[in-house]
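Participant: The lines below spell out each chain.
Number of protein chains: 2
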Amino acid sequence: MMKPAQVVKALAALAQPTRLAIFRLLVSAGPEGVAAGAIAKKLKVSPATLSFHFRALSHAGLVESRQDGRFVYYAANFTVMNGMVDYLTENCCGGNAEMCKPPAK
Amino acid sequence: MMKPAQVVKALAALAQPTRLAIFRLLVSAGPEGVAAGAIAKKLKVSPATLSFHFRALSHAGLVESRQDGRFVYYAANFTVMNGMVDYLTENCCGGNAEMCKPPAK
DNA sequence: AAATCGTTTTAATAATCGTTTAACAATGGA
DNA sequence: TCCATTGTTAAACGATTATTAAAACGATTT
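Heads up: the sequence lines are chains A and B, in that order. Numbering of the first sequence is given in numbering that gives the first Met the number 0, commencing with residue 0 and proceeding in unit increments. Numbering of the second sequence is given in numbering that gives the first Met the number 0, commencing with residue 0 and proceeding in unit increments.
No farther apart than 35 Å at their CA atoms in a straight line, the calculated lysine-lysine pairs in the DSBU-like style are these: (1) 40(B) - 8(A); (2) 40(A) - 8(A); (3) 43(A) - 8(B); (4) 41(B) - 8(B).
Worth flagging that the hints you see were computed from the coordinates, not collected in a lab.
Given these sequences and hints, build the entire structure.
Facilitator: As structure tokens, this is what we get:
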């Protein structure tokens, strides 16, 4: 279970258009991650700005990086992402989650 | 589907300890909602401060209120909550969500 | 009318946040 | 070794923003 402060940090990190876009990109990319340059290109963000935002996301525990040759791959931390979501929806409707979840698709 | 700006707004609203606590309380309470006073008491927040935070949450679409006599009941907006979560996890791992979701409990 | 419940407005305080430019570091290939 | 590539770091600039409390107000119930 995540601590409140950690969740607040993660939420704050995501409450910014560029960082939210970065994170979504990483979420859809999966555990393999994406090279920083590819993200910069796709989102049209300067490398410096991107680094700045990566730092914020890393600090919040939402992403992890790994160096591979000249490239730095960033990947979403799914454990933290799920932890955050769980924290928000914990004990939803007093346990009767059916009430608040949309009908299973 | 929610718009990015709306999601950013919701995330920002939740990125504050008191508001996060309020929202969790409402989520666990379900659609019936909780009276403002009861929340103030439980979270030990002054009425004025609570109103301030409610306003932020309302503005972000995360909560709704209804007046019942002297009481104002606040309830979480589950549609927006789920929309936000879906936005974050959309196309998770390129569609193979098994990779990033914890084993079903 | 009095008591209760909550909102709004105002004011004071404190804290950043995001971007760009330029310099720097590390890697890998010619 | 030298150079191109890939990112990070640091500094500086500009623009706001968030949080809380106090006081006055509105509305409702008894």
